[in-house]
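There are 2 protein chains.
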Amino acid sequence: MKVGILGGTGPQGRGLGRRFAMAGHEVLLGSRDAARAQETAAGLAGAGRVTGVANADATDADVVVVAVPHEGHADLLTSLAGALEGKVVVDCVNPLGFDKQGPFPIEVADGSAAQEAQRILTGSTVVAAFHHVSAVLLDDPDVTDIPGDVLVLGEDREVVGRVIELAQSIPGARGVYAGRLRLARTVEAFTANLIAVNRRYKTHAGIAVTGLPAQDEA
Amino acid sequence: MKVGILGGTGPQGRGLGRRFAMAGHEVLLGSRDAARAQETAAGLAGAGRVTGVANADATDADVVVVAVPHEGHADLLTSLAGALEGKVVVDCVNPLGFDKQGPFPIEVADGSAAQEAQRILTGSTVVAAFHHVSAVLLDDPDVTDIPGDVLVLGEDREVVGRVIELAQSIPGARGVYAGRLRLARTVEAFTANLIAVNRRYKTHAGIAVTGLPAQDEA
Chain A
1 MKVGILGGTG PQGRGLGRRF AMAGHEVLLG SRDAARAQET AAGLAGAGRV
51 TGVANADATD ADVVVVAVPH EGHADLLTSL AGALEGKVVV DCVNPLGFDK
101 QGPFPIEVAD GSAAQEAQRI LTGSTVVAAF HHVSAVLLDD PDVTDIPGDV
151 LVLGEDREVV GRVIELAQSI PGARGVYAGR LRLARTVEAF TANLIAVNRR
201 YKTHAGIAVT GLPAQDEA
Chain B
1 MKVGILGGTG PQGRGLGRRF AMAGHEVLLG SRDAARAQET AAGLAGAGRV
51 TGVANADATD ADVVVVAVPH EGHADLLTSL AGALEGKVVV DCVNPLGFDK
101 QGPFPIEVAD GSAAQEAQRI LTGSTVVAAF HHVSAVLLDD PDVTDIPGDV
151 LVLGEDREVV GRVIELAQSI PGARGVYAGR LRLARTVEAF TANLIAVNRR
201 YKTHAGIAVT GLPAQDEA
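So the sequences go chain by chain: A and B.
The end of the first sequence is residue 218 by the working numbering, with every number in the run present.
The end of the second sequence is residue 218 by the working numbering, with every number in the run present.
Some hints could be false.
[Claimed, not checked] Have a look at the derived ranges for each label pair, beta carbon to beta carbon:
1. A:VAL136 / B:GLY161: 22 to 30 Å
2. A:GLY102 / B:GLN168: 19 to 27 Å
3. B:ASP62 / A:THR78: 54 to 62 Å
4. A:THR78 / B:PHE98: 27 to 35 Å
5. B:THR144 / A:GLU165: 56 to 64 Å
6. A:MET1 / B:HIS70: 41 to 49 Å
7. B:GLY43 / A:GLY172: 39 to 47 Å
8. B:ASP156 / A:ALA34: 49 to 57 Å
9. A:GLY172 / B:THR144: 22 to 30 Å
10. B:LYS2 / A:ARG119: 31 to 39 Å
11. B:PHE98 / A:ARG199: 28 to 36 Å
12. B:GLY102 / A:GLU158: 18 to 26 Å
Hints were generated in silico from the structure; no laboratory data involved.
From the three backbone atoms N, C-alpha and C, an ideal C-beta is built for every residue, glycine too.
Next comes chain A alone, as it looks inside the complex:
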C-alpha cells in the first residue's frame, strides 16, 4: 500500500512512517518543509521505502495519515481538501493543552479533530486511528513488536476494515473498531491519561482491549 503522512517529521508521523516502511508499504513522508522531510526520510532509509516530500505531495497515496499538531490541523486540511478528495484520511491528532498539572484535552468545536477533518474534507472518508501507540516505541528500530491495540473509529465499515488491516500490518499491533466518529474525542483525549500513566510509571504505555473473540486477537 502507498501511505502518505502529513506531518511526517513530527514524532508520531516519523514513528508511523518507520513502521509502515518496515511493514513493506511505500511511504510518502510529508512536511511543510520538503527539505526537512527529505532529511527525515533519509534517516528512515534503513526501514524501507520512504520518500520525503511536501505535505501536498504526500496526498498522492492510497491512505493519507494526518499527524500534525492540532494548531495547524484545520488550515492544512482546508488547503489540501481538493487533493484528498476520494481518499481515505486517517486522523491521529490529539488536541491537548498542557499546564503545570500536565496535559488535558482541549475543546474542539466539531467535537474532535477527526470530526473537524471530516467536516473540512467533504469528499474524503475520515477514520480516526493510531492515537495511542507510543511515538517513542514506533521510532525505535530496536523495538520489533509494537504492543497494544490501535483503536479505529469511523462511519464506513469497509474503510474501517482497511485501516484495521493497515494497523495490523505493523508487527505486534492489533486494530480494534472502537465506535463511530462521534466517539473519537474520547480516544483523542485519552492520550492525556496515557501521558499521566507514563509519568507515574515511567513507561511508554499503550492500551489493549480485553475480551475480544479469538479471531480478532490475531
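Place chain B on chain A using the hints.
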C-alpha cells in the same frame, strides 16, 4: 475492608458488591429502596458478607462506591454529603446518553461525574474508578478472574493507592493510576466506546494498559 455501595441494586453496583464480597470484604449494599437492597443482598449471600440497606446506611463504611445512574447522582450525593464527610468516595458513574446510533457521552457542567461528586462532597476524598469492568462479568459467579485493568483517577496519591489495592483485591483485576480527577471525563466517556466494541465484536470488553513495569503487573 468495609465497602458501601450506593446504587447497589443496579448492574454495576451489584456486580461490584459480589466481587468485593468474594474478596472477603464486608459489603453494605445500598439502594433507594432498602427492601430491594435486602432482596439483592440475599441473592449475593453465597458470595460472602453482603447486607442490603438504604443508601444512607451504606455510607457507614471505609470506602463508599457510587454506582447510581447519572440522573440521580448530584441529588443523592447532596443529601448524603454530611454522612460521607471524611470518607473515601469512589465514583464509577458514566454520564451517557443513548440514541439510535448507540451511546454517547453527555456533557457534565463540572467536567465529569467524579468532579461533580468532589464539588458536592467538600469533606470527602473522591476517586474515580471501576468504570470499565463489565457488569456482566462481575455479576457472573462462574467468572473467577476479572480481566483487564481498573483505571483509578484522583488527586490524593495515598487514597488512590488504597483504591488501587481495593481493585486488586478482586482476582484478575489490576488497578492502574490514570491521572488527576480532571481527566476523569475521558474515562467515564470511554464506556461508550467499549459499548461500541461490545456491539461489534459481541463480547464484554474491558481495557488493559500495556507497557507497565513488572512490579505493577501484579
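Against the structure, the hints:
no. : hint                            : in the structure
1   : A:VAL136 / B:GLY161: 22 to 30 Å : holds (27 Å)
2   : A:GLY102 / B:GLN168: 19 to 27 Å : holds (25 Å)
3   : B:ASP62 / A:THR78: 54 to 62 Å   : holds (55 Å)
4   : A:THR78 / B:PHE98: 27 to 35 Å   : holds (34 Å)
5   : B:THR144 / A:GLU165: 56 to 64 Å : violated (35 Å)
6   : A:MET1 / B:HIS70: 41 to 49 Å    : holds (43 Å)
7   : B:GLY43 / A:GLY172: 39 to 47 Å  : holds (43 Å)
8   : B:ASP156 / A:ALA34: 49 to 57 Å  : holds (51 Å)
9   : A:GLY172 / B:THR144: 22 to 30 Å : holds (29 Å)
10  : B:LYS2 / A:ARG119: 31 to 39 Å   : violated (51 Å)
11  : B:PHE98 / A:ARG199: 28 to 36 Å  : holds (35 Å)
12  : B:GLY102 / A:GLU158: 18 to 26 Å : holds (19 Å)
Of the hints listed earlier, those the structure fails to meet are numbers 5 and 10, in rising order.
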